[in-house]
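Peer 1: Here the protein sequences come in this chain order: W and L.
Okay, so the first sequence: first residue is 225 according to the numbering used here, each after it adds one.
Okay, so the second sequence: first residue is 225 according to the numbering used here, each after it adds one.
I should point out that these hints are in silico values taken from the structure, not numbers from a laboratory.
In this text, all values refer to a predicted model and were calculated from it rather than measured experimentally.
Note that beta-carbon positions come from the ideal geometry of N, C-alpha and C, so glycine has one too.
Be aware that a few hints might be false.
To be verified - Selected chain W positions facing chain L (in silico; Cβ < 7 angstroms):
{"no.": "1", "residue": "L385"}
{"no.": "2", "residue": "A386"}
{"no.": "3", "residue": "A393"}
To be verified - Covered stretches of chain W (in silico footprint by chain L; criterion: 3 or more residues with CB under 8 angstroms from a CB of chain L, positions within the stretch not fixed):
{"no.": "4", "region": "236–249"}
{"no.": "5", "region": "265–278"}
{"no.": "6", "region": "370–377"}
{"no.": "7", "region": "396–402"}
{"no.": "8", "region": "408–414"}
There are 2 protein chains.
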Amino acid sequence: MTMIQESVEQQQHWKQLVFERFLEILHAPYGDFEAIGNLAHVINEAESLQQAIAFLSTSPQAKYAIQNRLPLGAVDLQQLQELPQETLGDRYSDHMLRNHLKPIVTQPVESDLNYVTTHMAEIHDIWHVMIDADVDMPGEMKLHAFTAAQFRYARFSFAMLAKNLMKAAVDDLELAEEWMNAMTEGWVMGKRAQTLFGVQWQTLWQVPVKELRAEWNILA
Amino acid sequence: MTMIQESVEQQQHWKQLVFERFLEILHAPYGDFEAIGNLAHVINEAESLQQAIAFLSTSPQAKYAIQNRLPLGAVDLQQLQELPQETLGDRYSDHMLRNHLKPIVTQPVESDLNYVTTHMAEIHDIWHVMIDADVDMPGEMKLHAFTAAQFRYARFSFAMLAKNLMKAAVDDLELAEEWMNAMTEGWVMGKRAQTLFGVQWQTLWQVPVKELRAEWNILA
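Just chain W, same shape as in the assembly (with noise of 0.2 angstroms):
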């Protein structure tokens, strides 16, 4: 076998893998973390983060964050519902209090890619915060365009947009305006607004969140 024929054959396996993922996730109900951890773990493939990694590196703020892989930290809920209203610390930890989420522990990472999914699972909920995403299905779809936007090279994100239209099609036809409203929204909003990717949010928890969506062009 050629390198060639391999590396076809390699492509259409895991094409063949990633279908079977989701059609998986398309049959479990929402927010069923086993099937998108499966998903996520076989359609994020080394070469679509490194371009993604090249992308969000034109900026010199995510560069810099990447470079040197600057973790979010350790954050302290109660601590933070000290801050006055409408600050980011007041909004996040009332976010999070309010689903009954607790901030994510990290492990030190080994590699740049390891870092940026490592990352962007600490602030995630910072971004729900940011964008105004609630955590239900048309937040989460707002959620993910935005990400789709602000990553451009997104495979996973492009892929839960298509599982939630489609579930849309089949399961819940009259929320499909919603959903599709949000997605727009996310969509347009991640492509005007400043690379999020970086910013150093534990210096910042005191800054009203106006202020924070004014300076990074996150427009309603």
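Please arrange chain L on chain W, whose structure you already have, making use of the hints.
Peer 2: Coordinates of chain L only, in the frame set by chain W:
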């Protein structure tokens, strides 16, 4: 077996079939009309088409067309080529001839459902011209999104958007941005525009496309 159990089983069976057809179309090359037809045939069940007809019928123009099952009628492309530049007839016949397309000759229809799907096939390429969508993939994404916005209960359009997004995620990541832009544009355009279904195009060939777009609020 109770009626409720039977209905649940039927729905599960339907979903299973839809997902099978969806997987088939994911594996098929773009523009595989057999796979597209197979999906449309299964996903377009009567209930959602009835909902779409009820939604369309809030427009007196669409309601009248449906009640009277008004067809487009025969179209003579060579004759339309004689019309002044930038008229609908001129632009439509250019579009058809350039893309080697022939107007569809429809048969008499026996139900409202049958009328709506048949008429949509007849006027598909007029909508391409009206919303300025090419017959390439971004153009088809734009038209599917526009149609989804206009019909609301459009399982097939949402499924085609999902299919194309998933194919972009896996096969054509470089093109995902352009497709998302096209989908976003079509969705916003379709929501802002007046109802286009039921327009009597055969009376409007000599009107400039620009005027028709203004009349039905189709904004770029």
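Peer 1: Now, for every hint given, state plainly whether the structure supports it.
Peer 2: To see whether the hints hold, each was checked on the structure:
no.: 1; hint: L385; result: 6 angstroms, holds
no.: 2; hint: A386; result: 4 angstroms, holds
no.: 3; hint: A393; result: 4 angstroms, holds
no.: 4; hint: 236–249; result: holds (count 5)
no.: 5; hint: 265–278; result: holds (count 3)
no.: 6; hint: 370–377; result: holds (count 4)
no.: 7; hint: 396–402; result: holds (count 3)
no.: 8; hint: 408–414; result: holds (count 3)
Of the hints listed earlier, there is not a single one the structure fails to meet.
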